[in-house]
Amino acid sequence: ETGVTQSPTHLIKTRGQQVTLRCSSQSGHNTVSWYQQALGQGPQFIFQYYREEENGRGNFPPRFSGLQFPNYSSELNVNALELDDSALYLCASSWTGSNEQFFGPGTRLTVL
Amino acid sequence: KNQVEQSPQSLIILEGKNCTLQCNYTVSPFSNLRWYKQDTGRGPVSLTIMTFSENTKSNGRYTATLDADTKQSSLHITASQLSDSASYICVGTDSGYALNFGKGTSLLVTP
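Residue numbers (my numbering), protein chains in the order written: chain Z, 218 to 329; chain A, -17 to 93.
Chain A with its partners taken away, still in its complex shape (with noise of 0.2 Å):
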């Protein structure tokens, strides 16, 4: 069974800062593997998708890094703002049509 599984499950910060958050996955056959960024009562926005063969990639504050011997994933988030608060959600994808979902790790950014 493909799980997704993601750390911590919340996380306070203080705005500025530099904060990483973790996914684990067992997704197989992998395809690809995808961070998202969900605000509160809406629909996920895509920040990263990365294949087998990448190792890192940026989406301006935002760097995921993927160990596909592992089968991590992090995603750290640089120099963080009010506006990043939110719940990020990590994604395996399998066959190419089913998106396996973490349950996300809620992030709220303080004054």
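Bound conformation, chain Z alone (with noise of 0.2 Å):
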């Protein structure tokens, strides 16, 4: 275990529906990433929050978007949801200028 957890763990939606995600991160770490995981490839980077500022995003569109509060745990928002948000959404933490991430469970959406 890597004492980084998410909630739900499973969540189903419908189509044009919003939905939030949450993670905590390991204790001591500042830094939150979220991924986006489809069946049978590989986690897609959605951003990073560093100091409740997002500190970078990957080629996702707006209706993505996060906070993190000032205990570091962080939420993923997506609205108008989409057929092909369908998949495992991960979170990791790190400390600033550590190499590592220490990646949570997930929290498996599927949008019907």
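Keep in mind the hints are simulated off the structure, nothing from the lab.
Where hints are given, some of them may not hold.
[As the list claims (entries may be wrong)] Here are a few chain Z residues that face chain A, going by a calculated C-beta distance under 7 Å:
#, residue
1, Leu256
2, Gln258
3, Gly259
4, Pro260
5, Phe320
6, Pro322
[To be verified] Derived list of chain A stretches under chain Z, where covered just means 3 residues or more per stretch with a C-beta under 8 Å from a C-beta of chain Z:
#, segment
7, 20 to 28
8, 82 to 93
A virtual CB, placed ideally from N, CA and C, is assigned to each residue, including glycine.
Assembly of the complex is requested from the two constituent chains, each provided in isolation within its own frame, with the hints serving as guidance.
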């Protein structure tokens, strides 16, 4: 276990709805990154948060947004869900300047 | 565009045998090369991290190699166990905040 937790474990939504996924980082980590992993694919970088601000973003549309809180936990929000948003969403926490990222178990999102 | 290609896509081996997984990467500017193990439905777990100056790194029965000139890496698993069945993902890091993942090699170890 890495100490990174995510909730919920599984989620089913319908197209057009909005969803919020949550991540609690490992103790002492101040940076959180979010990834989308489609079935049979490697994870794709969505964005990273450091000190409550977005610190980098991958090739995802603005309907993917996030927040980081003072305790370094984070949320991923997805608006106007599409069928292709069905995936495993992973968050990873790290300490600035460290090479190591520790992944949570993921949230499995299914969009019908 | 940064790319990480892995081969084979899938592999089946007998328990106790060795195997080697391959990774070719085009990542610039290159920072480090990582191998992760991902069990089905779980988050990836780091096995090794190597910078350009490191040629090899071991973690128990896992040994990773890196050739920065040819931009190739390999992960060698010795004396495989049933618990080694998982997806093994090669990751190239450029700026330090974005990980460029390969699609992974799915390994099945059979009795």
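Checked hints:
no. : hint     : in the structure
1   : Leu256   : violated, 11 Å
2   : Gln258   : holds, 6 Å
3   : Gly259   : holds, 3 Å
4   : Pro260   : holds, 5 Å
5   : Phe320   : holds, 3 Å
6   : Pro322   : holds, 5 Å
7   : 20 to 28 : holds (count 6)
8   : 82 to 93 : holds (count 5)
In this structure, only the earlier hint numbered 1 is contradicted, and the remaining ones agree with it.
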